[in-house]
Amino acid sequence: MPVAFGSWRRAVAVGAVAGVIVLYLIAVGIVLAFAERNMVTGFVTLGRVMLSIPPLAAGYLIAGRPGPIASRLAAGLLAGAVSGLILAPALVFADAVPQVRDILLRISPKVIAFISFDHPAAFGALVNAGLAAVLGLVGAAARLTPPRLRATLVWGVLGVLIISMLEPFLRPRLTDFGLGAVSRLLYKSHGLTIPGAVVTFAAFVIFTSFWTPLRTRASDAIAASDPRRQATLRGVGLLLLIVLLLALPEIAGSFLSQVLVFVGLYTLLALGLNIVVGYAGLLDLGYVAFYAVGSYLTALLTSPLSSFGLGLPFWVALPVVILGAALTGLFIGAPVLRLRGDYLAIVTLGFGEIARILFLSDALEPWLGGTQGILGVPPLLGTARVDVPILGWELSGPTLTYYPILFFCILAAFVASRLKHSRTGRAWNAMREDEDVAEATGVNIVNYKLLAFALGASVGCLGGAIFATHLGSVYPGTFDVLVSITVLSIIILGGMGSIPGVVVGSLVLIGLPELLREFAEFRLLVYGGVLVVMMIARPEGLLPDVTRRRELHEDEEPEPEADATSLAAAEGT
Amino acid sequence: MEPNVAPAPEPADPGASPLLLEASAITKQFEGLVANRDIDFNIPRNAIVSIIGPNGAGKTTFFNQLTGIYPPTSGTIIFDGDNITGFSPHEVAELGIGRTYQNIRLFQNMTVLANIQVGRHVRMKGQWFHAIFGTARIRREEEATIQKARELLALVGLRRRVEDELAKNLPYGDQRRLEVARALASDPKLLLLDEPTAGMNPGETRQMTEFIGRLRHDLGLTILLIEHDMKVVMGVSERITVLDYGEKIAEGTPVEIRANPRVIEAYLGKQATSA
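Taken in sequence, the protein lines are chains A and B. Read left to right, the first sequence gives residues 15 to 587 (my numbering). Read left to right, the second sequence gives residues 254 to 528 (my numbering).
Calculated directly from the structure, the hints in this document are not laboratory data. Just so it is clear, CB atoms sit at the ideal spot from N, CA and C, and this is done for glycine as well. Please note that a few of the clues may not be correct.
[What the hints assert, rightly or not] Stretches of chain A that chain B covers, calculated by requiring three or more beta carbons in the stretch to come under 8 Å of a beta carbon on chain B:
1. 438-446
2. 455-464
[To be verified] Which bits of chain B does chain A cover? Going by a derived footprint, with three or more residues having C-beta under 8 Å, they are:
3. 361-367
4. 373-382
5. 385-391
Kindly generate the complete structure, drawing on both the sequences and the hints.
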């Protein structure tokens, strides 16, 4: 078939990029780190999944170009093959010249053996290239399948991935709940069994294919029903959600609860920062300062070992902590009132560092304990263990900390959503859009900026306060700039100004790395990668605010309404 | 545009001065440059007046001092009995001066309705803590604001179904209308329009001119225009002030201005021959 030379060149280029990405993943060691982690035992490891994603993506991307189906598939195949062939000479070279390892430490014989399926490097590289070509073809085929079917299949694959990653947590829990048989069917030596993978895949596919139409029909039915019924349904849904959230630590066990505590903590921080960045548009990179102030104030007031030695109960100290943090917010906000955009970001970044260095400093050591920090912060509820009488739960450690975090998250989300749709929220949005015009329209910029800083700081300090009681101590090492960056990344990933987005963002950025311990070393690399991909593919975030989604994708959806209006207006003249 | 909403004009305070705005001896100096020199300028209540002048004459500088964007170097501005010299823009807005911009400046990524709601900001009382507790008063205020916003949409001739549209997605002419609606939302006594017909075709210009006249008549507004389009200025305004090189060179009715030799020399001369 006659296809323009240009489109083949494009396929080669995309394939080459994918190949370079694979090389990079190998060179930094991330592939090897996951080579031991089984997804489907004896069949696929996470390391292999990682190697497969770039050729798959290349095939998917290149097949998006218009043309006859056969040539789109062929382009996918070509792109995949190119990505594998780029890798081949590099592998052979690295195998033949061991000195490569003096520079690129992670390109070990082990990883070469892994990639070439334990064959000799040259042959293995070719096998790998063949596999990459097939993956490219699969990617292209995925692009050509109808979206509904594609979504269902993708959910099936994601389901296998998720269930296999949850193995260390799910397996003991299944046994605890007397489902040992299920556990044995699903899992074998840290991965899914082949039947387990098939069952999981089928379960997810069936669920997705029934769930999507069911949900559409249900939401249509609810929208059509009378408002009182809608309110009841919403109430029931909310109640179910709360019951589920309350029971979660008991279901998840203490290990997953620890993860949930961190997810909740970062959700709380992100809810606070979302007010400052998402609503008011003030790019604050020193948010960690409020987190630190909340932690230290709590420690000072509640720990009997602190220099104050007050040993107040948490709930007595809390109002003072919040007030202190709000004042810090005003204190930091006041000098930066006149700064905009980049300048604001740089100055707040500096403030964050100043806070950390102050907490670390010798001058304040008599009060704040310098590098040692403050020890002996009592647990939040005063005791380390609570027994829930009827249900027979024993709450301690993370399963106990989970509850106050949940409470504060719900509180913060409620406050944020109320503010968002109020005079205050609109004034913030106006300020974000055009500060001068907002002021000329009657918004007192100074007050509203300070309010955003103070409220954001108050929520941030709650996170710090809980964190201090959870760890039982505070020390300055915890409060580095990475906390600010992470919280900001959560907001960007979830969707600026979106409250559900914040929850999803922290599940992905905090929850996933906790589940995949192998990630720990590559956390920042993954953050960077995720943010770059998001900015290209979905700049509005995973669960965006409605208006924000339209703001970024208006060119993709036709808007006949607006056209009709302008026409009608033109006719009216 | 359907003229269906016409709140009663503000009852004129019998003791009040016949002038809504009195600016005396306004001088504005930027470093070495004198942008406005010793300008006296009054606006009678319920009048439509215009400021014209060639580019760089100091019109916008003067406008910006009235709205508080920067204070005059010397001189005083009295608005409705209050000395507002040196007030900040949000205080000026609260006292009752609304404005539009030469190059439309809407809150682009907010909905049409939200733009007008922000315009209403100064007439609302709800604070952040009221909003958190969701008091009955707050809910009433929100409902009243939405009601008011919809009335204004109708007044400026925007259809109700565009209210959830993002402001930036409106066609150009509708954006101008929305900007006027936003300014009107604060119940201003004085409306400042900065080249309201810039970029409009003759049909739209005529429509806007009629609309300005109706605003004064139906809402009892006082209006100050800055305009380049001579037809608009001559047709709609009662008094015209001409600025040139930062100084007031003439003031009077359109007929007087048309005949004034200094004006013709400074500004109209070139255009009058071509018009």
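Here's how the hints hold up against the structure:
1. 438-446: Result for this restraint: holds, n = 6.
2. 455-464: holds (count 5)
3. 361-367: Held - the segment 361-367 of chain B has 5 residues with a Cβ nearer than 8 Å to chain A, which meets the minimum of three.
4. 373-382: holds (count 6)
5. 385-391: holds (count 3)
Of the numbered hints stated above, none is contradicted by the structure.
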